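Produce the entire structure from the sequences given, and follow the hints as far as they go.
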Amino acid sequence: MDGDRQQGTSSVKSVLLVMSGKGGVGKSTVSVQLARNLVSAGHRVGLLDIDLCGPSIPKILGINGMRITQAAGSDAWLPCEVDGLKVMSIGFLLGNEDSAVVWRGPKKQAMISQFVNDVAWGQLDYLVVDTPPGTSDEHMAIVECLKRKACKTATVLVSTPQNVSLMDVQRQVAFCKLAGVQVLGLVENMSVFKCPCCNVESYPFCGGGGEQLARHCNIPLLGSLPINLKLAQACDDGKALERSGEDETTEIFQKIVQQIVPGLMA
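Going by the numbering used here, the first residue of the sequence shown is number 168, and it counts up by one from there.
Simulated from the structure, these hints should not be mistaken for laboratory data.
Predicted model only: the values in this text are computed from it and were never measured.
Warning: the hint list may mix true and false statements.
What the hints assert, rightly or not - The list that follows gives simulated cross-link-like pairs (lysine-lysine, DSS-like), each with its CA atoms no further than 27 Å apart:
#1 Lys226 / Lys274
#2 Lys397 / Lys226
#3 Lys189 / Lys406
Here's what the structure looks like:
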């Protein structure tokens, strides 16, 4: 098997887990944007969706109709490819996007082990992993699999500013400490809404919560992302956010990537 189709994560230099203690904070959107910005920076990148019960990565990338195949002469799965990304999700294995995954822990763990060991990831600089909310079977399974593979692993945490979301992130920090996973920092999502008509700013989830949590947990605040209607529409349409020198969100993601790359390379 050539270098681009090597099975498993043996040729993956670093793994970035994108985690949140609470659902609905935009973790999958952040995962996709980080992966795309890493590709734009010239890196070889894979994107793994281990949110087995709610896989949204295929929809956000506009490839929810794709199906995976096996490499010739091998039992390895070939990831789908789009925009320079190698992508794997259970969404590619379901009959349709409305199918429900009702699995107990052992089957989830076995599926994640297959994603790590039986996918032809090939040579990657970074594998970005979109995780489900919480600290459950999927999180323990991915960390244990990557430790067995001796992969350099770190995480970025995602939160919205309101207190209930920030409390859940504190639990995520505690999980990472117990699991021995380095926390590179916090991304605060939906921090502010700027009216497109008058540019007046409002804070629907209160302001400054991410900065307070970062200080409390002694982790960097990597960036605060505004509510971006263009980004929301792009995700719904399965398209990339159009890059513009005037797009604040694009600039923030670029700065976040610049901050996390040194930690992933260390």
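Hint by hint, here is what the structure shows:
{"no.": "1", "hint": "Lys226 / Lys274", "verdict": "holds (24 Å)"}
{"no.": "2", "hint": "Lys397 / Lys226", "verdict": "holds (16 Å)"}
{"no.": "3", "hint": "Lys189 / Lys406", "verdict": "holds (25 Å)"}
Going down the numbered hints, you'll see the structure goes against none, and every one checks out.
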